[in-house]
Amino acid sequence: MSAAADRPIVSVNDLRFSYLRGGAVVSALRGVSLDVQPGEAVGLVGESGSGKSTLARVLLGLAHPRLSRIEAGRVVIDGQDVTGFGPQQWRTLRGHPLAMMFQDPLTYLNPVMTVGRQIAESVRLHDGGVDAAARVRELLGLVRLPESVATSYAHELSGGMRQRALLAIALGCRPRLLVADEPTTALDVTTQAEIMALLADLRQRLGMAMLLISHDLGLVASACTRIYVMYAGRTIEWGSTDGVFKVAAHPYTAGLLQSARVVRDAAGRFPTIGGDVPNLSQPIEGCPFRPRCAFAFAPCVQMPEPVAVPGDREHAVRCWHFEERVRSGAEVTRAG
Amino acid sequence: MPADAKPLLELRNVSKTFRSAAGETVHAVRAASLLVDRGETVALVGESGSGKSTLGRIALGLIAPDFGDVFLEGRSFASLSSREFRDARTAMQPIFQDATASLNPRRTVRQLLAQALRRHAADVVDVRAAAILDSVGMRPGLDYLDRLPHELSGGQRQRLAIARALAVEPALIVADEPLSGADVSIRGQVLNLLLDIQETRGNAYLMITHDISIARAFADRVAVMLRGEIVESGPVGEVLVRPQHDYTRRLLAAVPELDLPTAANA
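Chains as they are written, first to last, in the working numbering: chain U, 87 to 422; chain C, 639 to 904.
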């Protein structure tokens, strides 16, 4: 691999992206910045409508060329600026440094083609000359599927096996970064644990980085060393998983962590975040979390620049309330 | 609790077999027994294909078991006249996983609730419907009556589905994965709503879920299903703290733990 080992595989800088849906312009990404370094496991956490899956599609060049548009910002993949790429240019790049794994493998597996042929197709796309059959066997072994699966069709496999088959196709392109969008959400918990263990093992053996996109904080915490939290199309807090979990500088992050635990409080009630996520086809002024935030005050009508969390160079947050707490010298624990 | 000690719902040794498209026999439920008392919450936990949803449908009287019997307040479904069976089914209301799919998209909130309120006089339907919407947190309820499902948010549609189940004042609500698909921040709202409803109305819940952490926090008792059989059941504090069955242990071990600082230092 010729690429420099020390530059990010993916670097996204203040990305703004919109698409057309039923005549309305949806501003799905409103300021996303994110880096993934070679070999690291990064989590991207958010609820539905946060833009996390849209970001994945943009990174893979899967956004519709006519119905969507990058409005501002930059996407750099392995040192190459891909911001203005058209479908032709993406084709040469796709599968090379990046590959993707989706929530619902059945949608992405061809129902009338054997699994083996689909893996072989992916192999040929990347390594033209190799003995595809041997590589297919090797890939099936890597994802711990029996060789007999090569002649199976998607409908003959269980959910967990389909996800492994999809992973084998992704690995066929020898990606340096696997973008996994809710890869285990549709699976049972015991199968989920198997797939996550497999991903951890493969990452180590292949030196592959992973961007794990999930609404499940527990899952991300167990698999990733760094996380980004997204809300309404923006990255609002990022840092080491430990740092973000310990400090939870943004009130939304703090609320998400509380809600994720499914533990009742002293009054016997479950923690919640009041209100609803904003409608992304409407303009949002200032901090998008403001209408739901218990700490909103006058400055929140403008979106703040990132504020560093004291004592942690990697950890930053976009929140006026936190900025004020830091400035007033309050002890920085959790949003509150 | 009334003087007669009959459980609200009892499934006694029920079995159900389906034939798959390929002609194979699928034993969806095998000799399963389950009790739900008045006002209590029972979680039925299992993975996909374990038969938990089939058992839920048998409890609701939507599917008849091949063997075994279902008793509502001590009376066997099999012994009921068709009119009595209809009443029995009304006493138990379902809430399904996908609220959007269970709501007819062309009916207004008023029409959707009016179906459930048809026993009431026409002139009080609006008042009753608005009161029920109020009670599920859609306030003021009157403002929602003319809306269509797509004009509501996902959380509001789930509340509407709950409102519709409540409209007939059921003694038991069978909730089949009511939270899967709901966002983390919405999940707490729905669970709190279910708790509030139980506090004021004293209804029982049979909560069907794959999520053992929800079962642990929400239910009084839990039954664990594996391949059509209930392999372990009892109070949550026993089954999920000292699991006896290997499968329950595996389920517990597979849940990623979220080790967080306590709220105390917030």
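Keep in mind that the hints were calculated from the coordinates and are not lab data. Ideal Cβ positions, reconstructed from N, Cα and C, are used throughout, including at glycine. Hints may contain errors.
In silico contact screen, one side only, chain C against chain U (beta carbon under 10 Å); selected entries [claimed, not checked]:
1. Ser791
2. Ile824
3. Leu829
4. Asp834
5. Thr838
6. Gly840
7. Arg854
8. Asp858
9. Leu889
Where chain C lies over chain U, by a calculated footprint (3+ residues, C-beta under 8 Å) [claimed, not checked]:
10. 267-276
11. 302-314
12. 341-350
Here is how each hint holds up against the structure:
| no. | hint | result |
| --- | --- | --- |
| 1 | Ser791 | holds (5 Å) |
| 2 | Ile824 | holds (8 Å) |
| 3 | Leu829 | holds (5 Å) |
| 4 | Asp834 | holds (9 Å) |
| 5 | Thr838 | violated (14 Å) |
| 6 | Gly840 | violated (16 Å) |
| 7 | Arg854 | holds (8 Å) |
| 8 | Asp858 | violated (13 Å) |
| 9 | Leu889 | holds (6 Å) |
| 10 | 267-276 | holds (count 3) |
| 11 | 302-314 | holds (count 6) |
| 12 | 341-350 | holds (count 10) |
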